[in-house]
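Trainee: Those protein sequences? They're chains L and G, same order as listed. Final position of the first sequence in full-length UniProt numbering is 588; the numbers increase by one with none missing. Final position of the second sequence in full-length UniProt numbering is 588; the numbers increase by one with none missing.
Hint data in this document are derived by calculation from the structure and do not stem from the laboratory. Warning: the hint list may mix true and false statements.
All copies of an identical chain are treated as equivalent in the list; a pair is satisfied when it fits inside any one copy or across any two copies.
DSS-like mimics (lysine-lysine), calculated; alpha carbons at most 30 Å apart, straight line [stated by the list, open to error]: (1) LYS144 / LYS460; (2) LYS144 / LYS466; (3) LYS316 / LYS505; (4) LYS546 / LYS460; (5) LYS177 / LYS144; (6) LYS204 / LYS144; (7) LYS491 / LYS177; (8) LYS505 / LYS466; (9) LYS316 / LYS222; (10) LYS546 / LYS505.
Number of protein chains: 2
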Amino acid sequence: MFIAPSKDMLFNIEHISGWSDIVALPAYSAFDLEDATAVLEEFGRFCAEVIAPLNVSGDITGARYDKGRVTMPDGFDDAYTSFVEMGWQSLHHPEDYGGQGLPRSVGAAATEMLNSANMSFALCPLLTDGAIEALSKAGSDTQKDTYLAKLVSGEWSGTMNLTEPQAGSDLARVNSKAVRQNDGTYQITGTKIFITYGEHDMSKNTIHLVLARTPDAPAGVKGISLFLVPKFMVNGDGSLGNRNAVTCVSIEHKLGVKASPTAVLEFEGATGFLIGDENSGLSYMFDMMNAARFAVGLQGVAIAERAYQQALSFAKERVQSAPVDGSTRDAVAIVNHPDVRRLLARMQVLTEGGRALAAYAAGWQDLARYAASPEQRDEAAAASEFLTPLVKGYCTENGVEVASLGVQVHGGMGFIEETGAAQHYRDARILPIYEGTTAIQANDLLGRKTLRDGGVTAMKMANRIKETERQLAAGSPVAQAVGIRLSVARKAFQSVVKHFVSTAKDTPNAAYGGAVPYLMLAGNLMSGWQLARSLLAAETALAAGKDVEFMTAKIGSARFYADHVLCDVDAQRSRILEGADSLLSVAL
Amino acid sequence: MFIAPSKDMLFNIEHISGWSDIVALPAYSAFDLEDATAVLEEFGRFCAEVIAPLNVSGDITGARYDKGRVTMPDGFDDAYTSFVEMGWQSLHHPEDYGGQGLPRSVGAAATEMLNSANMSFALCPLLTDGAIEALSKAGSDTQKDTYLAKLVSGEWSGTMNLTEPQAGSDLARVNSKAVRQNDGTYQITGTKIFITYGEHDMSKNTIHLVLARTPDAPAGVKGISLFLVPKFMVNGDGSLGNRNAVTCVSIEHKLGVKASPTAVLEFEGATGFLIGDENSGLSYMFDMMNAARFAVGLQGVAIAERAYQQALSFAKERVQSAPVDGSTRDAVAIVNHPDVRRLLARMQVLTEGGRALAAYAAGWQDLARYAASPEQRDEAAAASEFLTPLVKGYCTENGVEVASLGVQVHGGMGFIEETGAAQHYRDARILPIYEGTTAIQANDLLGRKTLRDGGVTAMKMANRIKETERQLAAGSPVAQAVGIRLSVARKAFQSVVKHFVSTAKDTPNAAYGGAVPYLMLAGNLMSGWQLARSLLAAETALAAGKDVEFMTAKIGSARFYADHVLCDVDAQRSRILEGADSLLSVAL
Numbered sequence: 001m002f003i004a005p006s007k008d009m010l011f012n013i014e015h016i017s018g019w020s021d022i023v024a025l026p027a028y029s030a031f032d033l034e035d036a037t038a039v040l041e042e043f044g045r046f047c048a049e050v051i052a053p054l055n056v057s058g059d060i061t062g063a064r065y066d067k068g069r070v071t072m073p074d075g076f077d078d079a080y081t082s083f084v085e086m087g088w089q090s091l092h093h094p095e096d097y098g099g100q101g102l103p104r105s106v107g108a109a110a111t112e113m114l115n116s117a118n119m120s121f122a123l124c125p126l127l128t129d130g131a132i133e134a135l136s137k138a139g140s141d142t143q144k145d146t147y148l149a150k151l152v153s154g155e156w157s158g159t160m161n162l163t164e165p166q167a168g169s170d171l172a173r174v175n176s177k178a179v180r181q182n183d184g185t186y187q188i189t190g191t192k193i194f195i196t197y198g199e200h201d202m203s204k205n206t207i208h209l210v211l212a213r214t215p216d217a218p219a220g221v222k223g224i225s226l227f228l229v230p231k232f233m234v235n236g237d238g239s240l241g242n243r244n245a246v247t248c249v250s251i252e253h254k255l256g257v258k259a260s261p262t263a264v265l266e267f268e269g270a271t272g273f274l275i276g277d278e279n280s281g282l283s284y285m286f287d288m289m290n291a292a293r294f295a296v297g298l299q300g301v302a303i304a305e306r307a308y309q310q311a312l313s314f315a316k317e318r319v320q321s322a323p324v325d326g327s328t329r330d331a332v333a334i335v336n337h338p339d340v341r342r343l344l345a346r347m348q349v350l351t352e353g354g355r356a357l358a359a360y361a362a363g364w365q366d367l368a369r370y371a372a373s374p375e376q377r378d379e380a381a382a383a384s385e386f387l388t389p390l391v392k393g394y395c396t397e398n399g400v401e402v403a404s405l406g407v408q409v410h411g412g413m414g415f416i417e418e419t420g421a422a423q424h425y426r427d428a429r430i431l432p433i434y435e436g437t438t439a440i441q442a443n444d445l446l447g448r449k450t451l452r453d454g455g456v457t458a459m460k461m462a463n464r465i466k467e468t469e470r471q472l473a474a475g476s477p478v479a480q481a482v483g484i485r486l487s488v489a490r491k492a493f494q495s496v497v498k499h500f501v502s503t504a505k506d507t508p509n510a511a512y513g514g515a516v517p518y519l520m521l522a523g524n525l526m527s528g529w530q531l532a533r534s535l536l537a538a539e540t541a542l543a544a545g546k547d548v549e550f551m552t553a554k555i556g557s558a559r560f561y562a563d564h565v566l567c568d569v570d571a572q573r574s575r576i577l578e579g580a581d582s583l584l585s586v587a588l
Numbered sequence: 001m002f003i004a005p006s007k008d009m010l011f012n013i014e015h016i017s018g019w020s021d022i023v024a025l026p027a028y029s030a031f032d033l034e035d036a037t038a039v040l041e042e043f044g045r046f047c048a049e050v051i052a053p054l055n056v057s058g059d060i061t062g063a064r065y066d067k068g069r070v071t072m073p074d075g076f077d078d079a080y081t082s083f084v085e086m087g088w089q090s091l092h093h094p095e096d097y098g099g100q101g102l103p104r105s106v107g108a109a110a111t112e113m114l115n116s117a118n119m120s121f122a123l124c125p126l127l128t129d130g131a132i133e134a135l136s137k138a139g140s141d142t143q144k145d146t147y148l149a150k151l152v153s154g155e156w157s158g159t160m161n162l163t164e165p166q167a168g169s170d171l172a173r174v175n176s177k178a179v180r181q182n183d184g185t186y187q188i189t190g191t192k193i194f195i196t197y198g199e200h201d202m203s204k205n206t207i208h209l210v211l212a213r214t215p216d217a218p219a220g221v222k223g224i225s226l227f228l229v230p231k232f233m234v235n236g237d238g239s240l241g242n243r244n245a246v247t248c249v250s251i252e253h254k255l256g257v258k259a260s261p262t263a264v265l266e267f268e269g270a271t272g273f274l275i276g277d278e279n280s281g282l283s284y285m286f287d288m289m290n291a292a293r294f295a296v297g298l299q300g301v302a303i304a305e306r307a308y309q310q311a312l313s314f315a316k317e318r319v320q321s322a323p324v325d326g327s328t329r330d331a332v333a334i335v336n337h338p339d340v341r342r343l344l345a346r347m348q349v350l351t352e353g354g355r356a357l358a359a360y361a362a363g364w365q366d367l368a369r370y371a372a373s374p375e376q377r378d379e380a381a382a383a384s385e386f387l388t389p390l391v392k393g394y395c396t397e398n399g400v401e402v403a404s405l406g407v408q409v410h411g412g413m414g415f416i417e418e419t420g421a422a423q424h425y426r427d428a429r430i431l432p433i434y435e436g437t438t439a440i441q442a443n444d445l446l447g448r449k450t451l452r453d454g455g456v457t458a459m460k461m462a463n464r465i466k467e468t469e470r471q472l473a474a475g476s477p478v479a480q481a482v483g484i485r486l487s488v489a490r491k492a493f494q495s496v497v498k499h500f501v502s503t504a505k506d507t508p509n510a511a512y513g514g515a516v517p518y519l520m521l522a523g524n525l526m527s528g529w530q531l532a533r534s535l536l537a538a539e540t541a542l543a544a545g546k547d548v549e550f551m552t553a554k555i556g557s558a559r560f561y562a563d564h565v566l567c568d569v570d571a572q573r574s575r576i577l578e579g580a581d582s583l584l585s586v587a588l
């Protein structure tokens, strides 16, 4: 059973994402918190009642391949049809093409819910979101008119075609070919692997966005163009025409997300349409990837939430062993044993911390898009771009850890597939890998988001944290204690940023060897900071007598996070500042 | 492909396990390092050539159940027959019953090799080892004469029957019944679950060791007796008689170790023989469990070694992306990218550190058994018993982490089952659970091994570490740097031990909430200490011009461990000393 955590999400939307600034934007002026509440509660019910029940059966059956066709597990087609009919794909997409135009901060919560319910199912809408993002930004008006409305409704789905057998994470080595035809279309030839929902029968058409090279393109990433390749050609009146020359030759046999078909696609002179300009494909793909990376970060929170709910419910029911404090000789529910409590508390705060971090990032995304002045938009974009690799990297690494702790809470039962905890452990494992591994996120964070502007954006974040520290210092004893931990962590972050800015140019291998520790340090700090902000908001609410149980729990989470998670930053700082020599000299 | 790391093992036997003290024992006076080398190299070849090739196919096929019978995957029967014929089961077992009487320190290395090759296969001999242990200590002469030689040879296999559906980790709730018959045997009735190799056809007979209660037994753990229940009754002449009334009613569908059948056994008035005295079953079972816990710790090292070898080999072959230092614009093998290096280095030192810790513990086991004076034996037993939960807890948690890092090194390929990295990730996950979860190990470490003697054994360990610190301080600059880190970690350990000794009685929930952080801190320290001792031995060898490449690598591992792993102890100390309030007050 899964219950969407809409209350925590709405708390974040109100107190973490900068809601008052968001609804002050003309684009969102029609929305208020009641709308967000209504949407998330209704979607939460849909996810719990329609999508979640297919999670286990989807894992057992898996997507099946036969002669170019993929059959989805029972129930997926119907669930997808309901999903589309109820308009859920369209939540945060532009109203011009039939979307509901909700803020990202609300859309992010919806994405998390769907992924908690069923990560395999949710991957289809997630990839469609990415295609909408890329087309909205770079597509021609004709392309938008032809494809966007159907993608926004979910009637058609989208895919991202980057990876090739010889080029995993390295887009410079992409060598699919695109040859311009007299009618202005391109013939696309090549093999793409790891294409999520590359072939399936839930949607009526699939719009592949494909990276390829024209014959005269320069080498490397500067010679990549982006093409739109529909599975079925679209006639002038919007009806579907012939099948395009793209074939699914197999799907992968994977550790997890087994109901999500991961296709090998063969493009054999398929008809493609250039998106934007030739040789500019990478920048369009980055728009799509950034949206997808953020969404994968949400998947990390989502799988953690699901694993936590399952483990907590088991721990409350499973009666085993008398308590260590001797208060009774009878066996008690294992949730009462101190270490089970520790495991569950860690699962809970990593989940809440990740959710709050994503909500904070989503707020910046809304401002980056619609803030009044270019300066405000630039500032918001810088913050949002700094946070994207943190959401992706930190939340997915934590998703794996939390899913693993969930197995541990179950003891031997956790290793039995029927219990369900093991599925989360298997499903979660792809998250720190796809849409760019944690190392790739870390290189992005260090190179593009920290070094490129000399640490300015990073230091601005540190200054924002200092402001929260000041508020904590003026608060309750608990707030003060959390503030002290936050301050220590923030100073570690600053010392690391300074170190990178002053040394990375001369010793790049040393610097990039510290990139993942930097990402984990920064993700830890930024999550802990959001929970500290939650604590302040919860204390204010408590003072007004509001929602005592929930607000007390938020304070407890912030405190546990500060004492048990934030304390890891010192070791990360030490690895970065003092560990490069031993890293570069160790024999492998 | 798997290559047994016999060189590192022999280094540990010579420099870490206290080899000169061990071969000075009369029991082992016939052995020397050349014998150990010959045995481990030959067994390493056997594991690599005969056992390892069945690991993947065993995972794919799994053990299969049909009407009470279990069929092993193809090749397992033949491999087991070879294993028995070549005498490998008997390596470290008593010569009185046909064993080869090798020291534990050598036997531990062999156990690790076999588990690296194929954990599912290795579980059968591992459980037989436990049965031999219990019978050797507590069995009657008749029982020993009837069963031991066949178990030592491996012709028959052994099992441990503890868990029941209503009693997972809580042996106080065992309620299988044992009713004494007029002929002195007992009728055993009850259901046991999670019985590793509880039913299979590789060995000719299976000797179940079963916990049950006689009708008048006191409640709780003081009323448990241990019984020997053969699958086939054994006639007076040693030949096999009728099948006993114990039936396998199903086997589990598991996340990993799929070729190892995990049985539900139904005892329906089966004939059992009391081992030792009535109501003393728990202490006999503890002997067996301690041997098994140590062996499971070795499984943690073993799966880490296997995952590391696979990831390293992939990283050396996989060419992807130009280096960050701009030294070439060509793509290079990913092992050259700083973060892949970091992942592999961490995998390597956690593996080497765990192996060294286990070798150190095995040395104490040898002394505990055969040292000349009772004082020496007691001291060795206290050290060995202190280290057992560390080997089990720390090495298995690390086994899971290393297997997960192994997936990460492979990128997207790691998520595809055919690559093989995912199997290690699945197989490893049982290790921190069975034979007592990490929390149970931690409670043992804190309660029985630390608090019971007021911290004396723990502080003795700290004093031994100080001696190593003194040697490091007198050594090379690298030795001195490692010594400083070791000293910081040792002091953290001491402060935590003092804290527990002074507070655990009054605030047991707070103390036991810090038990796993204490285990991880102590395991980290003790492993790092062994690698620091390795560094000293390697520097001495280097000074004599011996084996430059290997010894340089050992120094590099110790240094990386000190800079990148030991630095975690401070956060653990902080969780223990300052985190109890937030743990006990957090709302779940």
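Trainee: Run every hint past the structure and note whether it holds.
Mentor: So, going through the hints one by one against the coordinates:
Neither within a single protomer nor between protomers do LYS144 and LYS460 lie at most 30 Å apart by alpha-carbon distance, with minima of 37 Å and 74 Å respectively. In the homo-oligomer, the alpha carbons of LYS144 and LYS466 never lie at most 30 Å apart, since the shortest distance is 44 Å inside one protomer and 71 Å across protomers. For a Cα distance limit of 30 Å, the shortest separation of LYS316 from LYS505 across copies, 26 Å, qualifies, whereas the shortest one inside one copy, 53 Å, does not. Taking identical chains as interchangeable, the C-alpha atoms of LYS546 and LYS460 are never at most 30 Å apart, the minima being 33 Å within one chain and 54 Å between chains.
Taking the closest pair of Cα atoms, LYS177 and LYS144 come within 30 Å of each other only inside a single copy of the chain (24 Å); across copies the shortest separation is 74 Å, beyond that limit. When the C-alpha separation of LYS204 and LYS144 is checked against a cutoff of 30 Å, the pair qualifies only within one copy, where the shortest distance is 18 Å, while the shortest distance between copies is 71 Å. Taking the closest pair of Cα atoms, LYS491 and LYS177 never come within 30 Å of each other, the shortest separation being 49 Å inside a single copy and 62 Å across copies. For the identical chains of this complex, LYS505 and LYS466 are intra-copy neighbours only, at 28 Å inside a copy versus 40 Å across copies, given an alpha-carbon limit of 30 Å.
In this assembly of identical chains, LYS316 and LYS222 lie within 30 Å of each other by CA distance solely across copies; the values are 28 Å between and 56 Å within a copy. With identical chains, the CA atoms of LYS546 and LYS505 are never at most 30 Å apart, being 52 Å at best within one copy and 39 Å at best between copies.
Comparing the model with each earlier hint shows violations of hints 1, 2, 4, 7 and 10; every other hint is respected.
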